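Engineer: One-letter residues, chain by chain:
4 protein chains.
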Amino acid sequence: MCAEVLLRTKDQFIGSLRDGRTVYFKGEKVDVTAHTFFDPVINHLGIEFEIPENPQYRDLVTFSPNGKDRYSRYFKIPQDSQDLLARSCIIDLGTRLGGTVVLLIKEIGTDCLFAFNIISKQMDAKLQTEYFKRVSNYHNYCMKNDLAMAVAQTDVKGDRSLGPSDQEDEDYYVRIVEEKSDGIIVRGAKAHTSYGPCANELIVIPTRNLSEKDKQYAVAFAVPANAEGVKMIASPFGGTTRSEFHNPISSSHHMVESLTIFDDVFVPWERVFMKGETQFAGPLAVTFVQFHRFTAISYKAPILDLLVGAAILVAQMNGIIDASHVREKIARLIAYSETVKGLTRQSALNCRKVEETAVPDPVYSNIAKWHFASNYHQHVALVQDLTGGLTVTGPSEEDLKSPVTGEYVRKYLAARRGISAEDRLRVINLIRDLTASDFGGYNELLQIHAEGSIEASKITLLREYDARPCVDLAQKLAKVKASSF
Amino acid sequence: MCAEVLLRTKDQFIGSLRDGRTVYFKGEKVDVTAHTFFDPVINHLGIEFEIPENPQYRDLVTFSPNGKDRYSRYFKIPQDSQDLLARSCIIDLGTRLGGTVVLLIKEIGTDCLFAFNIISKQMDAKLQTEYFKRVSNYHNYCMKNDLAMAVAQTDVKGDRSLGPSDQEDEDYYVRIVEEKSDGIIVRGAKAHTSYGPCANELIVIPTRNLSEKDKQYAVAFAVPANAEGVKMIASPFGGTTRSEFHNPISSSHHMVESLTIFDDVFVPWERVFMKGETQFAGPLAVTFVQFHRFTAISYKAPILDLLVGAAILVAQMNGIIDASHVREKIARLIAYSETVKGLTRQSALNCRKVEETAVPDPVYSNIAKWHFASNYHQHVALVQDLTGGLTVTGPSEEDLKSPVTGEYVRKYLAARRGISAEDRLRVINLIRDLTASDFGGYNELLQIHAEGSIEASKITLLREYDARPCVDLAQKLAKVKASSF
Amino acid sequence: MCAEVLLRTKDQFIGSLRDGRTVYFKGEKVDVTAHTFFDPVINHLGIEFEIPENPQYRDLVTFSPNGKDRYSRYFKIPQDSQDLLARSCIIDLGTRLGGTVVLLIKEIGTDCLFAFNIISKQMDAKLQTEYFKRVSNYHNYCMKNDLAMAVAQTDVKGDRSLGPSDQEDEDYYVRIVEEKSDGIIVRGAKAHTSYGPCANELIVIPTRNLSEKDKQYAVAFAVPANAEGVKMIASPFGGTTRSEFHNPISSSHHMVESLTIFDDVFVPWERVFMKGETQFAGPLAVTFVQFHRFTAISYKAPILDLLVGAAILVAQMNGIIDASHVREKIARLIAYSETVKGLTRQSALNCRKVEETAVPDPVYSNIAKWHFASNYHQHVALVQDLTGGLTVTGPSEEDLKSPVTGEYVRKYLAARRGISAEDRLRVINLIRDLTASDFGGYNELLQIHAEGSIEASKITLLREYDARPCVDLAQKLAKVKASSF
Amino acid sequence: MCAEVLLRTKDQFIGSLRDGRTVYFKGEKVDVTAHTFFDPVINHLGIEFEIPENPQYRDLVTFSPNGKDRYSRYFKIPQDSQDLLARSCIIDLGTRLGGTVVLLIKEIGTDCLFAFNIISKQMDAKLQTEYFKRVSNYHNYCMKNDLAMAVAQTDVKGDRSLGPSDQEDEDYYVRIVEEKSDGIIVRGAKAHTSYGPCANELIVIPTRNLSEKDKQYAVAFAVPANAEGVKMIASPFGGTTRSEFHNPISSSHHMVESLTIFDDVFVPWERVFMKGETQFAGPLAVTFVQFHRFTAISYKAPILDLLVGAAILVAQMNGIIDASHVREKIARLIAYSETVKGLTRQSALNCRKVEETAVPDPVYSNIAKWHFASNYHQHVALVQDLTGGLTVTGPSEEDLKSPVTGEYVRKYLAARRGISAEDRLRVINLIRDLTASDFGGYNELLQIHAEGSIEASKITLLREYDARPCVDLAQKLAKVKASSF
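Here the protein sequences line up with chains A, B, C and D, keeping their order.
Quick note on the working numbering: the first sequence kicks off at 1 and runs consecutively.
Quick note on the working numbering: the second sequence kicks off at 1 and runs consecutively.
Quick note on the working numbering: the third sequence kicks off at 1 and runs consecutively.
Quick note on the working numbering: the fourth sequence kicks off at 1 and runs consecutively.
Mixed in with the good hints, there may be bad ones.
Repeated chains share a single entry, so a pair holds when one copy, or any two copies, can fit it.
Below, simulated SDA-like cross-link-like pairs (lysine to any residue); rule was C-alpha separation at most 20 Å, straight line [said to hold, decoys possible]:
#1 Lys213 - Arg187
#2 Lys215 - Leu162
#3 Lys329 - His371
#4 Lys329 - Gln378
#5 Lys121 - Lys133
#6 Lys329 - Leu382
#7 Lys476 - Glu397
#8 Lys231 - Glu407
#9 Lys26 - Gly406
#10 Lys121 - Glu356
#11 Lys68 - Pro55
#12 Lys275 - Arg134
#13 Lys329 - Asp385
Simulated from the structure, these hints should not be mistaken for lab results.
Just so you know, these numbers come straight off a predicted model, no measurement behind them.
Please build the complete structure, drawing on both the sequences and the hints.
Structural biologist: Here it is as structure tokens:
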């Protein structure tokens, strides 16, 4: 492996965030590299840059398009199932090393680049545009500079029962407010941009199908995070405790989302990837989502494993591992976990080739997503059930360490022979942090809403599923003539 | 209504907590009436003492045993279904005024007094003891002084697969370590004592069936919260934010639990309600639970109503109230809520009279408890689904109020015409506080574990259900002879 | 009890069916009192007439409107919760004696009479019609002659996405084709009329809301089952085996439904209860359904008890009653059963008085119906799981009795000590008949579709539920102003 | 493809069943090739022999071990995932051509041969026996003669809470009653032997782990179906109607099971594959099951497709395909179907090599089995819900064809424009036959019990799952030392 790995270090990444960007936290402008709230976020994202330095992972997480230089494998346009499986694997790896919290600064961005790759070719073919060249240049730019990218897709939407042009405020969906000789001016806001405040690039795409009258809303582009007019209001939710004991995960691993405002931001032509092509807005949104739902289910594996592992660990500690109802619960957790993981692999294995790009099978990725999202809470409940009420009624770290109370805590909260009170509390704290805390609540919402809602998964499934063979079988057995389907 | 209401005021209650009791919080001894953590707890409990001052509620929440003085109705030993329905009603009322957080300082204590009332009569009849007199005196003492009572039942248990006498540490279950001429000395610890640090009295009962060799563990008694040797380590979990905007419920309504240590505490004879009668330990535990599960399901009504109301409110705000999948979710929430509430009333209506006391029907109370507990998370998921990702990715109160960001928040996060961003965020914050926060996590654990686990409900149900008529019907229709059941 | 009971005997009932009616079975006209298919139906319905002859039941199942003569209690217009509970009780009794198969010849008819009673008063008040008098006379006529009534409500509907007037064939909904001086001529067909071929009277009502243009479809009336032009095509499904051993229930208890055709049938004015009042078509349909869903959930009790009883019996026989997973399954069956039964009583207890008639609470009746219908299959699966594969792979009655095979069957299929192979097979046969046979399949469809579909229950629930207090609570806690609901 | 295909024709297969075998049906000895009950069974099994004659399928369903002769691919000992996927594919094909009813005369037999292959090698290695040679010879014998094999595993068991040696009757498990110079004599009975009466060979293996004292029960062997002393009592359940219209599947596709009695049957040594090696009884049973559960989930694909197809077809006919709740139901059916199918492929892809044989991954096969079995009834309910009550209340074929009633049926039961009453009834009949009939009930039991119960799947899953990485992750994040697992 003599090729040179051209990736940034963690320090380079952190340094790149000191670029004058406008990020607000609790009403004030902040430097994300020097603010306690952002500490665990930045450190967490740093993992992305540490992984390739580990010889054990280097080959897995990099690739060489020309046999010479090695870049982050995220940028490799998937050619087949193996590429998708490898991609799934590195998403899993990063999330696992990130304490089950996804590192979403290359995954989501490249999901979007892959969608641009496909749709730009289709636009060029149909409309004689020249988007593919721009897309390709931008892809190489990000790859060669090893950039962190956020994707801003979800418009704030106003009244959800109305389309963009019919809203009370025409800025409820991001739109082109002016076209200039060298580019466009955009205005609007996107909700919940994951890691926006800590990315180098913001990539913006439409969130839905658009009709002809929505022309100004059919816009896709990329801007640096410090572009003039870009303002990010970071959300404070999801857990801010800094006790490693009480919050073993969230004290050092944390996402951040922003309400991302485009206050008349200029975008030069080479960074504009859609401008008014309303008929391609829906396909772009859908294609992005096809890649992104596959990312979504790939990064669930670590949290699924953790639910299984935590359940077994706490049941062992509590001395109930052999009880029949406990075994039933653990079996259900395993089945839940492996069903999602198995269907994820099926999505890679059943991929289809579109515009020379391997697209994960949307039937399996959406079933996996739906299965995961609609059953998450119930499986969290199983783990909480095994853990016991002490999860929220137990003593604090300070009680354990205090000279006046420590002795009582150690005496009375020891569990099964050989398990100290401290170890028991550590396991309980892990489970509370993961499932029954600000961070746990964040997780619940994430499972339901991130990468598309449960309803969206069903709609996609119905649209993508080829039910023809099923209906044929029914018609054949019923001995009726083929009706229109 | 000329009878005099002899209840304490909120101030009298608070004053009574300044009695030298030993409460630890984060490793240090604290005065619960003068500590910010306890503020919302104390204020919340104060509601219990404000309710009777409201003429609208006075008759409902008080009763007059002698036609002259009026006491808290909680102390009325239920005679029939109507008494149980009234009791259910005042539990609901207090919880509702308490923002869905139960006020558990008279409910649980009287649940236990009712159990003492029944079991003491049975012990006296069978063993020629004189417990009933003690119990009766103590009941009157608490009633006349309008005391707040906590019940400490769950021992810390050590290895759950072993009985009390077989543990590595013989103090894993509370026990009598010495018998003196004027009383007993007890040692041990009880886990998760609800409101222990804010109660006047601690009532202690066994947590399980005991065998003959567990004689020293067959002990029930009451001590004042400031009794020498009683040490309470308060748990810090369940949400400590003090922002009314971000945490509209938990910032002003809060429970507290303690690990309650009995460090060789003396109990005089008149406060000892069981001493070595192992064969009655199980019945006492069970009888308490029969009352307490009824309390449990009675105080769920407000949170059930809130889930329904919040779901409708947020769906209206988001403009999706007429969508078919939204209607399905709301219908499921209503059915969930009313099933629990309807079965609760059935438990009161099907009560049985034991020792001149109306005991709620355990079949219906346990089905209600099981239905509630095993479906809570799934219904929380429905509400979160309707609310949207903004629940954990939205801006803070400070962002809304800041001169630099407020304008963006107000512009972009307004919802359906007529709904301001502030109102929208308030509704979202309510739902996050209730379901996706430290407090929400606390709620999830509470639903599963408080008043007995889900497994305990099933066991009770199987034990209490009279399946004879069902088996008879099956045998009759199968035309087989009655086999032993 | 000196009043005279004026009810018909079973023989009188059977005799009354020999009235020249036109019933087809498998393409041929038949005499229902002399056809093997109808034998178990007729014998089953006879139970309705035998019950009042039993002194144990007489008071329960009859009532005396004038203190002198006693009629079937079914005809008593409910005045309060007690009347509804008594009605529920006699529905349960008849079904229980009928081997879990409902006797639906007075229940459904009186459900409809009660709806006529309410709606006729409302029509008279609003439209100055004189329907109430006709309704009242007809009610008395049926009561005094102790008639068996079927209700034909569900039109055949054609394309379900279109209304009556928009159908390809204007006869897809029953309609008035001609108005004469002495009455009307009706045409059309109603699907699945329960017990139509064995009733004395057919009562016809609209199946849905109608718009102004559907005037000819707004028709309600009653005709004798032998009216000229009435033709009933009886359905052969639901099990026709006549082996008491293999089909212990369905060999002697059986419903029958018909496709009921009105081939230009004349109805005299005194039997016409709606004619063109389109605005009352929906209310009549809904009011009937409010009574009928209460009937529906009342007659589920015996089959619920049987599922519980059969599960226990077979688990005992198989020697697995103490296995943890078996106990879990039985607990779930009990909870399922008692939830439906408890909610049924709540529906009676929460009744509302409309036009001097106690109407069962639709919130509880629909939740009960929904809970029952949407969970039936899953609970059947539990019973089948406990029973074992032998249910469909075991030997026949003839094998048991044959001299060549009987010995093997008796030797090898004996179960736990003391349980003979014959008894074991009887229990298994009961479960197969109930759940895994033509009759079992009939049951599954009945649970889902009879008395309104699952979707209909949800729609009714949403319409009838007063969510105002829930929304108020949410608004109060969120501190937002009341928005329109 | 010049190699010669050495498979039997359908006629040769049927002829081979006229071998004097002892099969009883309804208490009498019958010739299975000349009895109306067996007609659809024999014709159905004939498909197995017709498939290879179809050039489209020939390569898929045959293989050539020596590059010369081609035999049924079922006999190919799987070497890798591809072999397992091909095996899964031909099981699916046969079942699909068999109207969703599995052809189980080569599948199950070869599942057992593969298990013999593995276990015999292990026995030989450990115990210096020479079983592998016998097994190998027998495998070749069956392959070369293209035999139909049934497997008899499930003993009748008596009291399930007792082991073989502790039963009241020592014949409750098949056992060796005598050892002779040239072989053994066996006695006992096996329950539900699929297709036993129509197989050429009966292969017998133990059903469970055995302890040292159960030596006489540790027996595995094969006998021809006409061996002296073998008596098969065929079960009559699962649907016997012969109307193609009413029962489009079960009238021509049917399984048959027998209670198979070994009345002192002699087995020569070369057909004895285990004799007293108690420690290998469990492994043999388990290894067979590992192959057989994979077979099980492979043959579910056609019925899953049919549920999806029938649901779509009937929803289209009823004109409700676009209703939101209908789409939800169809999406759920698709997800159910594809989850099982996807996990099945994962089981093949994750296979492990044992004794040079590819064994399907038991984690995925058991999750697939569990998912299928525990959700089948609920998905059947969805299809029944979409179909409507007419499923069990509609007219018969004779009504449709009768000159007196046919016209009414055709007029009134036509559905959406263009769908005739006959076509509508055909679709409804298909669904009734599949889900709500004797055959439908048979299916329900089959899904739960065939190839091992739901509980068995959970036990296997827990035993086979490697939870170590999950527990490691939990320990790492909780920062506790590795405890024993």
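Engineer: Compare the structure with each hint and give your call.
Structural biologist: Do the hints match the structure? See the list:
Taking the shortest Cα distances, Lys213 and Arg187 sit within 20 Å of each other inside one copy (17 Å), while across copies they are farther apart (51 Å). For the identical chains of this complex, Lys215 and Leu162 are intra-copy neighbours only, at 16 Å inside a copy versus 37 Å across copies, given an alpha-carbon limit of 20 Å. With identical chains, the CA atoms of Lys329 and His371 are at most 20 Å apart both within one copy (17 Å) and between copies (15 Å). Proximity of Lys329 to Gln378 under the C-alpha cut-off of 20 Å is found in both arrangements, the shortest distances being 11 Å within a copy and 16 Å between copies.
In this homomeric assembly, Lys121 and Lys133 come within 20 Å of each other (Cα to Cα) only inside a single copy, at 9 Å, whereas the closest approach across copies is 63 Å. Taking the closest pair of Cα atoms, Lys329 and Leu382 come within 20 Å of each other both inside a single copy (6 Å) and across two copies (18 Å). Taking CA atoms no more than 20 Å apart as the test, Lys476 paired with Glu397 passes between copies only; the shortest distance there is 19 Å, against 68 Å inside one copy. Proximity of Lys231 and Glu407 under a CA criterion of 20 Å is satisfied inter-copy only: 12 Å between copies versus 51 Å inside one chain copy.
For a Cα distance limit of 20 Å, the shortest separation of Lys26 from Gly406 across copies, 10 Å, qualifies, whereas the shortest one inside one copy, 37 Å, does not. Taking the closest pair of Cα atoms, Lys121 and Glu356 come within 20 Å of each other only inside a single copy of the chain (10 Å); across copies the shortest separation is 49 Å, beyond that limit. Proximity of Lys68 to Pro55 under the C-alpha cut-off of 20 Å is restricted to the intra-copy arrangement: shortest distance 18 Å within a copy versus 51 Å between copies. With identical chains, the CA atoms of Lys275 and Arg134 are at most 20 Å apart within one copy only, with a shortest distance of 13 Å there and 72 Å across copies.
Taking the shortest Cα distances, Lys329 and Asp385 sit within 20 Å of each other both inside one copy (9 Å) and across copies (19 Å).
Violated hints: none; the structure is consistent with every hint.
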